[in-house]
Amino acid sequence: EPEVTQTPSHQVTQMGQEVILRCVPISNHLYFYWYRQILGQKVEFLVSFYNNEISEKSEIFDDQFSVERPDGSNFTLKIRSTKLEDSAMYFCASSPVDRDYQPQHFGDGTRLSIL
Amino acid sequence: SQKIEQNSEALNIQEGKTATLTCNYTNYSPAYLQWYRQDPGRGPVFLLLIRENEKEKRKERLKVTFDTTLKQSLFHITASQPADSATYLCALLHGSSNTGKLIFGQGTTLQVKP
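Protein chains in written order, with my numbering: chain A, 8 to 122; chain B, 1152 to 1265.
Warning: the hint list may mix true and false statements.
To be verified - Listed below are the simulated DSS-like cross-link pairs for lysine-lysine, each with C-alpha atoms no more than 25 Å apart in a straight line: (1) A/K49 <-> B/K1154; (2) B/K1154 <-> A/K64; (3) A/K49 <-> B/K1214; (4) B/K1208 <-> B/K1168; (5) A/K64 <-> A/K85; (6) A/K49 <-> B/K1222.
To be verified - Anything over 12 Å on all C-beta distances counts as not near chain A; from chain B, calculated: (7) N1158; (8) E1166; (9) G1167; (10) T1169; (11) R1212; (12) T1216; (13) Q1223; (14) T1229; (15) Q1232; (16) A1234.
Unchecked claim - Just some of the chain A residues that point at chain B, by a computed CB distance under 8 Å: (17) V50; (18) F52; (19) S55; (20) E63; (21) F113; (22) G114; (23) D115.
Hints were generated in silico from the structure; no laboratory data involved.
Just so it is clear, CB atoms sit at the ideal spot from N, CA and C, and this is done for glycine as well.
Make a model of the complete structure from these sequences and hints.
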């Protein structure tokens, strides 16, 4: 069964450094999302992306965050200057185009640890 | 703002019994509600989707109900097995399109004992 793949599985970064999290969505999916989950807390929406532009973003997704689809297969999340509170699991998700809503499928995440 | 509540306490049941998990929501009327399974250190895995005009949905040993009047969804696992032990997340779609965001509950941890 097709999967969303994310790399790296674990990223350790010094506070203030830039980090790029990478995702390969399922191949025929055209809607892409990033979520995060701080340890012990709920999964939270960050941003949705379609047709090479952001569709919606949350309050968490401030100017330090950006997303990009640099080629036909990858979808990236960049944090420009990381803070301690950015430490979390970051999940990428994707869903296909259909007349009716189709569920979002998640990758296994990148654990981001900010030191 | 929208709020989703799931039983925060872990649910412990004996193998073979039916597990029932509850999801209550307020301040919203979602068109779609989904259930996901999450194992430690892994991403959510999609299980079932139910639409606002559906009362019940089944898939193998899983059943979901959706009561838009009570603003509640129930998730049942029949003939439970130790392999069903995991955290189960309820999520509602905010927005009517595929670009809508999922709002998750905090999850209920299920432990099935052999």
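Consistency of the hints with the structure:
1. A/K49 <-> B/K1154: Holds - the C-alpha atoms of B/K1154 and A/K49 are around 12 Å apart, at most 25 Å.
2. B/K1154 <-> A/K64: Roughly 18 Å separates the two Cα atoms, so the pair holds.
3. A/K49 <-> B/K1214: Measuring from Cα to Cα gives roughly 23 Å; hence the hint holds.
4. B/K1208 <-> B/K1168: Given that 25 Å is the threshold and the Cα spacing comes to 20 Å, the pair holds.
5. A/K64 <-> A/K85: holds, 14 Å
6. A/K49 <-> B/K1222: Holds, because 20 Å separates the two Cα atoms, which is no more than 25 Å.
7. N1158: holds, 14 Å
8. E1166: Holds, because the least Cβ-Cβ distance between B/E1166 and chain A comes to about 27 Å, which exceeds 12 Å.
9. G1167: holds, 28 Å
10. T1169: holds, 24 Å
11. R1212: Holds: least Cβ distance 19 Å, greater than 12 Å.
12. T1216: holds, 18 Å
13. Q1223: holds, 18 Å
14. T1229: Nearest chain A Cβ is 22 Å from B/T1229, so the label holds.
15. Q1232: holds, 21 Å
16. A1234: Holds, because the least Cβ-Cβ distance between B/A1234 and chain A comes to about 18 Å, which exceeds 12 Å.
17. V50: holds, 4 Å
18. F52: holds, 4 Å
19. S55: holds, 5 Å
20. E63: The hint holds - A/E63 has a Cβ within 8 Å of chain B, the shortest such distance being about 6 Å.
21. F113: Hint holds; A/F113 Cβ to chain B Cβ min 4 Å, cut 8 Å.
22. G114: Since the shortest Cβ distance to chain B is 5 Å, the answer is holds.
23. D115: Since chain B brings a Cβ to about 5 Å from A/D115, closer than 8 Å, the hint holds.
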